[in-house]
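Each chain is listed here by its residues.
Protein chains: 2
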Amino acid sequence: MTHIFNLDQIKKVLPTLDIVKDLEEGFIAYSRGQVVVPPVGELSFEDPPGDTHIKYGYIKGDDYYVIKIASGFYDNPKINLSSNSGLMLLFSQKTGLPASILLDEGFLTDVRTAVAGEICAKYLAPKDIYRIGVFGTGVQARMQVEYLKSVTDCKDIIVWGRNRSGLDAYQRDMQEIGYAVQTTQNAKEVAESCNMIVTATPAKNPLLHAGQIRKGTHITAMGSDTLEKQELDPKILQTADIVVADSIEQCLLRGEIHKALEAGLLNKKDIFELGNVIIDKELQRTSADQTTVADLTGVAVQDAQIAKAVYEALR
Amino acid sequence: MTHIFNLDQIKKVLPTLDIVKDLEEGFIAYSRGQVVVPPVGELSFEDPPGDTHIKYGYIKGDDYYVIKIASGFYDNPKINLSSNSGLMLLFSQKTGLPASILLDEGFLTDVRTAVAGEICAKYLAPKDIYRIGVFGTGVQARMQVEYLKSVTDCKDIIVWGRNRSGLDAYQRDMQEIGYAVQTTQNAKEVAESCNMIVTATPAKNPLLHAGQIRKGTHITAMGSDTLEKQELDPKILQTADIVVADSIEQCLLRGEIHKALEAGLLNKKDIFELGNVIIDKELQRTSADQTTVADLTGVAVQDAQIAKAVYEALR
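Which chain is which? The protein sequence lines are A and B, in order.
Quick note: the first sequence uses the working numbering, first residue 14, plus one each step.
Quick note: the second sequence uses the working numbering, first residue 14, plus one each step.
No lab work stands behind these hints: they were computed from the structure.
One or more of the hints may lead you astray.
It does not matter which identical chain is meant; a pair holds if it fits inside one copy or across any two.
[As the list claims (entries may be wrong)] Taking lysine-lysine and the BS3-like style, the derived pairs with C-alpha atoms no more than 30 Å apart in a straight line are:
id : residue 1 : residue 2
1  : K73       : K24
2  : K24       : K107
3  : K217      : K248
4  : K217      : K107
5  : K201      : K168
6  : K217      : K73
7  : K162      : K34
8  : K168      : K242
9  : K294      : K162
10 : K107      : K242
11 : K91       : K73
Let's have the full structure, built from the sequences with the hints guiding it.
Following this line, the structure appears as structure tokens:
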């Protein structure tokens, strides 16, 4: 029998789970070569514009394999629907039978993405974060900050956005849950006042430049996950003390690291993979003046781990 | 809301539907270039051995797109489970939201595959079929014959199989539903007594040879759907009057046509696509002495069409 769960059920069980631990184990298995992750399947639509990604894979010898379907249909807000939706499917590695369908509406993808940011900050952010800079005003611009609460008590945010209404909504919503929020349309102002920065935009040209960054800053760049998208000046990666990828294989092809390699400003040997950073103290931040960058593109093992944890708690 | 249906519900509604018409429309749209079908996603497992295929696509401008997951875990019968399982997911092309999940356990894949064979026979088989030859004793060896009932009244079968117990079970089961069944382990005996042949095995070497085939025979080769599998001597395709592929693009890479092209015994220009055969009488059989071959590899548009028809009847 296939167990089917909806978003309310999933949201209820999530706070009881240790997703940081599950994702860390997933990233470690991935970096050890114990994870099978074929290339992402893609479908594009023109009218209305939308795209769907199919991410799938498994940890060898685990109980389940996972297929995750996530879509973005960008005109949905015009009819009062969220742009993003999706679901996760768990199948037995022993029989192929579908064990569970999690009708999470894309929520678990948001969570596993935010938790990946949390894990990066855990090992790479400076101990004393005095202000958090955020680029973008969408779901991840909020969740990435909220999931930092296990890493820092800092509640002081400066947020950069392209338009006024987005900034106002972000400020209002985040102040409601206890943050002090300054808004800006000047990236330099963010860089100069923060030592922890999250970029969470779909930008196709650098928003942040090398000269602007303060020494000792950690940046988690999670917006750029395609060949075209880019949020950081590649010189930031060139001059950083530590550059980390969630998946080196994926980051060679998409995101900030891809852009820096393409520009000849980064060597493949200077990129470390998150799963290795988690288990090796020498790859983590060791002093307050190191500048660090983590580039997240999203790996199917994150989906496998969060889906498995949620299913096992709900079944 | 996502509507979820199980196998019983699906089986109940299926007889009320005109799947031949739906698949014909699908094949026509495919041959007209109106269908988006990305490469098949694949996962392989070693212990126990299994594989999972993800087929997905859509007819441009249609209401839905479809993602179909089908797996084969070959040790399942040892624990009294079917080797094959799977499900189909329908999503809105307008919003990306999941409209329906059909928990069909692989049944709709079996049906759409058998109906594709029926469509091939409708346009390519001789009018007067005096005996049906079958290679293989599995699910498709049965369903391909049963779905010929709209094309021919012939109930006389000769079946070839690798082992005695499979042949005995096939004979018993098919006789129970009204067929006269002779069994054999000699392929020549099949070829010499039939003018309609279905090959439905996972063979990796030719079972049928060119000299054995009677003039005027139609062959539907549906077993070979990978790079390695092969059921027909490529000379059969070389000497056939009409060679048809469900998808020329796929048949260049897998199945009988792939093998014949590789052997230099067939030209790409001599292959016709099923969707074009359906709409063009000149590509169909025109006389009793033509020898014809249809090579089926399975196209995602079949999944899209059958899933849509079932969902619209059930919702």
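Review point. Quick one: K91 to K73, C-alpha cut-off 30 Å, is that within a copy, between copies, both, or neither?
Key: Between. Shortest inter-copy distance 22 Å satisfies the 30 Å Cα cut-off; intra-copy 43 Å does not.
Self-check item: Up to 30 Å CA-CA - K73 versus K217, copy category
Solution: between (36 Å within a copy, 28 Å between copies)
Can you give me the call for K217 and K248, within, between, both or neither, at a CA distance of at most 30 Å? within (16 Å within a copy, 54 Å between copies)
Report task. Could you figure out if K217 and K107 sit no more than 30 Å apart (CA to CA) within one copy, between two copies, both or neither? Result -> between (43 Å within a copy, 26 Å between copies)
- Query: From the Cα coordinates, with 30 Å as the cut-off, is the pair K107 and K242 best called within, between, both, or neither?
  - Reply: between (39 Å within a copy, 25 Å between copies)
For K24 and K107, with the copy left unspecified, which applies at a CA distance of at most 30 Å: within, between, both, or neither? both (28 Å within a copy, 27 Å between copies)
At most 30 Å between CA atoms: does that hold for K162 and K34 within a copy, between copies, both, or neither? Only inside one copy: K162 and K34 sit 16 Å apart there, 58 Å across copies, limit 30 Å.
Using 30 Å as the alpha carbon limit, work out where K73 and K24 are close: within a copy, between copies, both or neither.
within (28 Å within a copy, 35 Å between copies)
With 30 Å as the alpha-carbon cut-off, assign the pair K201 and K168 to within, between, both or neither.
Classified as within: same-chain Cα gap 20 Å, cross-chain 81 Å, threshold 30 Å.
Review point. For the identical chains here, do K294 and K162 meet the 30 Å Cα criterion within one copy, between copies, both, or neither?
Key: Answer is within; shortest intra-copy Cα gap is 22 Å, inter-copy 70 Å.
**Asked** Quick one: K168 to K242, C-alpha cut-off 30 Å, is that within a copy, between copies, both, or neither?
**Response** within (29 Å within a copy, 62 Å between copies)
Against the hints set out earlier in the document, no violation occurs for any number.
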